[in-house]
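Chemist: With chain A fixed as given, assemble chain B onto it according to the hints.
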Amino acid sequence: MNNFRSSCGVLGNRLCGGLPCIAAAVLLLTAMPALAQQPAAGRVKVASGAAFIVRGGSAVPVRVGDTVYQSDGLRTGTDGRIGITLNDDTRVSLGPSSEVSLDRFAYAPAEGQLGFVLRVVRGVAAYVSGRIAKLSPDSVHLETPAAIVGVRGTTLALRVVPE
Amino acid sequence: MNKARWSALVVGLLAAGVASACGQLRLGAPERPGQTLTVLLPDDVGDSLGRATVSNPKGATNLESRNDATVASTNRRPTSAKHLSDSEVLRIFGDALSALPPPPQRFTLFFRFESDELTPGSRSMVPKILEAIKNHPVPELLVVGHTDTTGTIDRNFDLGLKRAEMVRGVLIDAGLDGAAIEIISHGETDLLVPTADDTFESRNRRVDISVR
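Chains as they are written, first to last, in this note's numbering: chain A, 1 to 163; chain B, 1001 to 1212.
Calculated directly from the structure, the hints in this document are not laboratory data.
All C-beta atoms in this analysis are idealised placements derived from N, C-alpha and C, irrespective of residue type, glycine included.
Treat the hints with care, since some could be wrong.
What the hints assert, rightly or not - Derived DSS-like pairs (lysine-lysine); straight-line CA-CA distance at most 27 Å:
#1 A:134 x B:1162
#2 B:1128 x A:134
#3 B:1082 x B:1128
#4 B:1082 x B:1058
Unchecked claim - Each pair of labels, with its calculated beta carbon distance range:
#5 A:64 x B:1113: 34 to 44 Å
#6 B:1169 x A:49: 33 to 43 Å
#7 A:49 x B:1202: 48 to 58 Å
#8 B:1089 x A:63: 23 to 33 Å
What the hints assert, rightly or not - Among chain B residues calculated to face chain A with C-beta under 8 Å, some are:
#9 1032
#10 1033
#11 1044
#12 1047
#13 1052
#14 1072
#15 1073
#16 1092
#17 1095
#18 1100
#19 1135
#20 1137
#21 1138
#22 1187
#23 1212
In isolation and in its complexed conformation, chain A is listed as follows (with noise of 0.2 Å):
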């Protein structure tokens, strides 16, 4: 709930005044369940320099123990690391000038629902496969501009020229 709240702010501080404030109001009301049903795909333990979390839109300072969402973003500006542990033990990093997105994370083998797609847009990250590669391995994908890695259970490391 505090992530919840913290881009409730950043919202709140953007939009409202007058007439847009009942819009943002009514944009949070229609927001919120769906916040609120998605689970946590995992945590940033590691974070120095600049580095963010890209939700809705906004960029937000992480912090080491934030919460990881499917869609969320993660970018680095010239000095900056985040490294992240996911559900299914996978984990993810970024070095310097770099950004990733989470396009895909389910892990709910119970429910059918297992699935991992990062989008690497620019800069190096790298990967280290968890369960959802020993479960379903064609489920997996590393995203570039340029091409789809598909991943059996390995550690890899990317680097994506921008564009």
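Modeler: Okay, now just chain B, sitting in the frame of chain A:
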């Protein structure tokens, strides 16, 4: 290694030296926007090596050996796999690799048949779990309950959850903060030992704990 491989390696090293002098990675091709270098590395646990396939509409390259690397660009097939030296890996990826969190540690506790009672051997593993927590920044535990394939899917989901709850209780009694422990059930869908349906298998009656 034969003579041809050696000369290829020397040429590769020279090319890498030139590339690093220019501050750019070349690997035989000019750098284009979106161009992707992918390298396969040994795991930091157990030193095992997986496999990966880098593909785009023009073709695919398999990475199968330690430090195998390929460059992919839009509208070009990924280059064939080449060995990237450890020093090149460190130069290009050192910052990202140093930001990887420590590897999660896994523990498996086993249960008596049809029950949420731990086997005596599993009970004695609790101190090791407490010790492992010290290795992790902002430590958390994911406790996943499992069953064998006897009984219905729904019942096994519930039994898996019951086992996970029981283990959480044991860990809290041992002094852990309950807020750092998440419990889920995979029922009979994530077997340690693959079996047919309705099969007794003590090794599948378990709780997996990931400390991270």
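Chemist: Work down the list of hints and note, for each, if the structure agrees.
Modeler: Now for the hints, and whether the structure bears them out:
About 25 Å separates the Cα atoms of residue 134 (chain A) and residue 1162 (chain B), which keeps this hinted pair within 27 Å; it holds. A hinted pair counts as satisfied when its Cα atoms are at most 27 Å apart, and residue 1128 (chain B) with residue 134 (chain A) qualifies at roughly 25 Å. Restraint check: the Cα-Cα separation between residue 1082 (chain B) and residue 1128 (chain B) comes to about 42 Å, which exceeds 27 Å; the hinted pair is violated. The suggested pairing of residue 1082 (chain B) with residue 1058 (chain B) holds, with an alpha-carbon distance near 19 Å, which does not exceed 27 Å.
A hinted range of 34 to 44 Å for the beta carbons of residue 64 (chain A) and residue 1113 (chain B) is consistent with their spacing of about 42 Å. Taking the beta carbon of each, residue 1169 (chain B) and residue 49 (chain A) are about 41 Å apart, inside 33 to 43 Å as hinted. Distance hint for residue 49 (chain A) and residue 1202 (chain B): a CB-CB separation of about 49 Å, consistent with the stated range 48 to 58 Å. Between residue 1089 (chain B) and residue 63 (chain A) the Cβ separation comes to about 29 Å, which falls inside the hinted range of 23 to 33 Å.
For residue 1032 (chain B), the suggested interface contact is upheld, since its CB lies about 6 Å from the closest CB of chain A, less than 8 Å. Interface hint status for residue 1033 (chain B): upheld, as the beta-carbon distance to the closest one in chain A is roughly 4 Å, under 8 Å. Evaluation of the residue 1044 (chain B) hint against chain A yields a held restraint, the C-beta minimum of about 7 Å falling below 8 Å. Given the 8 Å rule on beta carbons, the hint for residue 1047 (chain B) is violated: about 10 Å separates it from the nearest Cβ of chain A.
About 5 Å separates the beta-carbon of residue 1052 (chain B) from the nearest beta-carbon of chain A, less than 8 Å, and the hint is met. Interface hint status for residue 1072 (chain B): upheld, as the beta-carbon distance to the closest one in chain A is roughly 4 Å, under 8 Å. A least Cβ separation of about 5 Å between residue 1073 (chain B) and chain A falls short of the 8 Å threshold, and the interface hint therefore holds. Below 8 Å, beta-carbon pairs count as interface contacts, and residue 1092 (chain B) has one with chain A at about 6 Å; its hint therefore holds.
Because the closest C-beta pair between residue 1095 (chain B) and chain A is about 3 Å apart, less than 8 Å, the hint holds. A least Cβ separation of about 5 Å between residue 1100 (chain B) and chain A falls short of the 8 Å threshold, and the interface hint therefore holds. For residue 1135 (chain B), the suggested interface contact is broken, since its CB lies about 12 Å from the closest CB of chain A, more than 8 Å. Interface hint status for residue 1137 (chain B): upheld, as the beta-carbon distance to the closest one in chain A is roughly 5 Å, under 8 Å.
Residue-level restraint check for residue 1138 (chain B) holds (minimum Cβ-Cβ distance to chain A is 4 Å; threshold 8 Å). Look at residue 1187 (chain B): its Cβ gets to within about 5 Å of chain A, closer than 8 Å, so that hint holds up. A cut of 8 Å between beta carbons decides the hint on residue 1212 (chain B): the least distance to chain A is about 5 Å, and the hint holds.
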